[in-house]
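Peer 1: The primary structure of each chain is shown beneath.
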Amino acid sequence: MPDYRANTSRTLRAGLRYAIAVAIVATALVLSLILQVPFGNPSWFFFPAAIVAATWFAGVGPGWLAVFLSTLAVQFFFIPPFRTWILRPRDIPFFTSFAVCAIVANRLVAWRNRTEDSLLQARDQLEAKVAERTSELEKANEALQGAQAELARIARITMVGELAASISHEVNQPLAAVVANADACVAWLALEDPDLSEVRAAADRAVQGATRASEVIARIRSLINKGSPQRMPVALNEVIEETVDLIKGQATRNKVSIATVLDSKLPPVLGDKIQLQQVILNLMTNAIEAMTVVEDRSRDLEIRSEATSAAQVRISVRDTGIGMDPQLLPQLFEPFFTTRAHGIGMGLPISRSIIEAHSGRLWVESVVNKGSTFHFTLPVEDGATV
Amino acid sequence: MNEAEPIVYIIDDDPLIRGGIQSLVKSIGLRAVTFGSASEFLAAKRPDVASCLVLDVRMPGQSGLDLHRQLVEANVHTPVIFITGHGDIPMSVQAMKQGASEFLTKPVRGQDLLDAVQTAIVHDREFRKDWIELESMRSRFDSLTPREVEVLNLVVAGLLNKQIADELGTSELTIKTHRAHVMEKTKAESLAHLVRMAERLKARAHRQG
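Listed in order, the protein sequences are those of chains A and B.
So the number in the working numbering is just where the residue sits in the first sequence, counting from 1, plus 2.
So the number in the working numbering is just where the residue sits in the second sequence, counting from 1, plus 1.
No lab work stands behind these hints: they were computed from the structure.
Treat the hints with care, since some could be wrong.
Unchecked claim - Ranges of calculated distance between the beta carbons of each label pair, as one might list FRET restraints:
id: 1; chain 1: A; residue 1: Leu330; chain 2: B; residue 2: Ala45; range: 52 to 60 angstroms
id: 2; chain 1: A; residue 1: Ala149; chain 2: B; residue 2: Ile29; range: 53 to 61 angstroms
id: 3; chain 1: B; residue 1: Ala204; chain 2: A; residue 2: Arg221; range: 51 to 59 angstroms
id: 4; chain 1: B; residue 1: His124; chain 2: A; residue 2: Ser216; range: 36 to 44 angstroms
Ideal Cβ placement from N, Cα and C applies to all residues, glycine included.
Build the full structure now, drawing on both the sequences and the hints.
Peer 2: In structure tokens:
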């Protein structure tokens with residue numbers, strides 16, 4: 003059915019084109035007849051013009067029709083004896099040269115039109131190709147960014163996993179020594195006449211093992227605390243803006259819009275800028291991840307800074323994500339607790355310990371299927387504003 | 002100490018664990034010899050007595066599994082008790098496939114280890130007794146002449162003297178003499194005993210072959 007309609011409209015358009023050709027030739031004829039009265043025969047010059055015009059505007063087929071009609075008209079009206087179809091032999095060269103001129107004009111215009119058409123076509127193809135390549139490039143870029151993020155995440159998890167494995171091995175080894183030696187002590191003491199030197203040696207080794215285990219723990223702790231946090235005045239609004247810049251790409255990819263509501267008179271706090279940025283980044287990343295499955299409402303992330311008193315500022319990160327079961331909230335800040343399939347559950351415990359090391363507080367309010375808001379407070383840098 | 006007393010070899014790179022296990026083993030009256038690595042163990046001279054190995058899976062240099070494989074390949078049948086830091090399933094499967102007698106995870110409970118050690122020593126003692134018996138049996142069978150071996154094979158196959166004589170193209174009397182020699186040389190108490198010994202030797206040759 004649509005084919006039929008397309009055919010019909012094509013036929014109509016073709017008919018129209020032929021009609022235009024006829025009209026142009028007719029106009030040429032009328033003009034020639036009118037001008038023949040004052041200027042005589044040479045007014046048939048209108049016909050080549052009509053052929054050119056018809057071929058140009060109406061196309062090749064109508065052009066041929068124009069050639070044909072013009073030739074007939076010239077023969078009938080402008081070659082003596084006028085208004086008859088009689089062609090005297092001496093007029094044949096003129097008639098023939100007119101016909102040839104008409105055909106040449108027609109051909110030239112048709113050739114020019116064809117060239118233009120193919121040029122246009124080539125341009126359209128080029129544009130389509132460029133658009134296609136651009137979208138391919140964009141897709142590849144997105145995939146690349148996704149892969150990079152995934153890679154970073156895996157690297158982080160792998161690092162933590164390896165760290166945990168090596169820590170547990172390092173601690174387990176001396177503990178195994180403690181157990182073996184304590185067992186040996188007990189075994190010797192169970193004998194009727196225990197060899198006390200053996201008992202003493204085993205007890206001694208148990209002590210050494212326990213000491214080694216606690217040394218391992220101390221070493222890990224010093225590793226974590228390495229580079230004790232700097233205490234410098236930090237403008238949290240700046241930190242927030244920098245963090246928003248960092249996370250923009252991730253937000254856009256996840257169709258999350260970020261709004262900042264920053265208190266322009268926010269006093270600086272005293273602390274380690276890098277650590278505080280880590281906390282904000284972590285909270286924002288969590289917020290975005292909490293919204294990735296939300297489809298029935300807009301995904302909005304709002305980060306707000308405000309001075310709640312002269313001595314304290316509060317930063318809030320609010321999302322419209324899946325929210326959390328109130329029963330889960332108490333465990334939220336415990337190490338290795340996670341609600342995500344791929345989470346490692348270290349982000350919030352680390353964030354909380356950072357905030358607490360800054361004499362602040364980190365807590366959460368959450369409603370299932372509405373979203374969560376994480377708040378942290380920090381004391382204002384006192385006296386240093388001088 | 003009596004040379005025939007069994008020995009427990011303890012191979013662990015951690016001196017505290019080594020010392021603990023050694024003390025534990027000594028407390029039940031067994032000899033315990035410790036080594037810090039697989040190569041130390043391989044270089045040491047080992048008396049020919051019942052023994053077992055307590056082996057840490059993860060050691061710097063040659064791992065416990067490597068050492069075990071090497072021992073199996075060298076036809077050393079000392080039972081091995083593995084100790085590992087984590088319940089590493091693929092590793093324990095491999096160890097069991099190689100014929101480890103026990104696989105314990107750190108920290109090992111003293112009693113578990115002692116039980117494993119005692120079981121392993123009992124196994125090794127039996128294995129060694131068996132082996133010594135087989136060896137003497139084999140040397141006895143090796144002393145047979147080719148003709149006697151032929152007769153032995155046919156006897157074991159269940160043929161009567163007359164049939165054997167026909168088979169070998171000789172007189173029944175000659176076969177009787179050969180047969181008496183076979184019984185005497187192999188110290189067989191009866192035909193049934195002879196057949197059992199021959200079967201055991203054959204089975205062993207098969208296993209090693």
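Peer 1: Each of the hints needs a verdict: does it hold here or not?
Peer 2: Comparing the hints with the structure gives:
1. A C-beta distance of roughly 58 angstroms is found between Leu330 of chain A and Ala45 of chain B, which places it inside the suggested range of 52 to 60 angstroms.
2. Restraint check, Ala149 of chain A to Ile29 of chain B: a C-beta distance of roughly 59 angstroms satisfies the suggested window 53 to 61 angstroms.
3. A C-beta distance of roughly 57 angstroms is found between Ala204 of chain B and Arg221 of chain A, which places it inside the suggested range of 51 to 59 angstroms.
4. Distance hint for His124 of chain B and Ser216 of chain A: a CB-CB separation of about 40 angstroms, consistent with the stated range 36 to 44 angstroms.
Checked against the numbered hints given earlier, the structure satisfies every one of them.
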